[in-house]
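S.K.: Residue numbers (the working numbering): 4 to 93.
Since no wrong hints were added, every one of them can be taken at face value.
As a list, the in silico DSS-like pairs of lysine-lysine whose alpha-carbon atoms are at most 27 Å apart:
id, residue 1, residue 2
1, Lys-17, Lys-86
2, Lys-86, Lys-64
3, Lys-63, Lys-86
4, Lys-38, Lys-17
5, Lys-79, Lys-63
6, Lys-86, Lys-38
7, Lys-38, Lys-79
8, Lys-79, Lys-64
9, Lys-64, Lys-36
10, Lys-36, Lys-63
11, Lys-38, Lys-64
12, Lys-38, Lys-63
Restraint ranges, calculated between C-beta atoms of paired labels, are given here:
id, residue 1, residue 2, range
13, Glu-11, Glu-82, 26 to 34 Å
14, Gly-66, Asp-20, 35 to 43 Å
15, Gly-35, Glu-72, 32 to 40 Å
16, Arg-13, Tyr-73, 30 to 38 Å
17, Leu-21, Ala-91, 15 to 23 Å
No wet-lab data here; the hints were simulated from the structure. Predicted, not measured: the structure shown is a model, and the values here were computed from it. The beta carbon of each residue, even a glycine, is placed where N, CA and C say it ideally should be.
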Amino acid sequence: DLYDLFEELRDLFKEEDLEPWTSCEFDFTREGKLKVSFDYIDWINTEFDQLGRQNYYMYKKFGVIPEMEYEMEEVKEIEQYIKEQEEAEQ
4 DLYDLFEELR
14 DLFKEEDLEP
24 WTSCEFDFTR
34 EGKLKVSFDY
44 IDWINTEFDQ
54 LGRQNYYMYK
64 KFGVIPEMEY
74 EMEEVKEIEQ
84 YIKEQEEAEQ
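Put together the whole structure using the sequences plus the hints.
M.R.: Rendered as structure tokens:
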């Protein structure tokens, strides 16, 4: 099934001494081309819960603003966290 294929892909990354990713995202461009991106943030070991990450994704990808103010605050915290992670890698 699809989960097994993702596990195989992740294992191939490890076998090639590439950093194992934590999530994989598929997008299609306006031209219909597939764009695949990998995320390396260890979300399980962060303070952000599933709902916060989902709100962040919906905001980032589709511009959907969370209904509750505290949810939007968490989205901003996640944005800051990601920015700090990216700066630490440079």
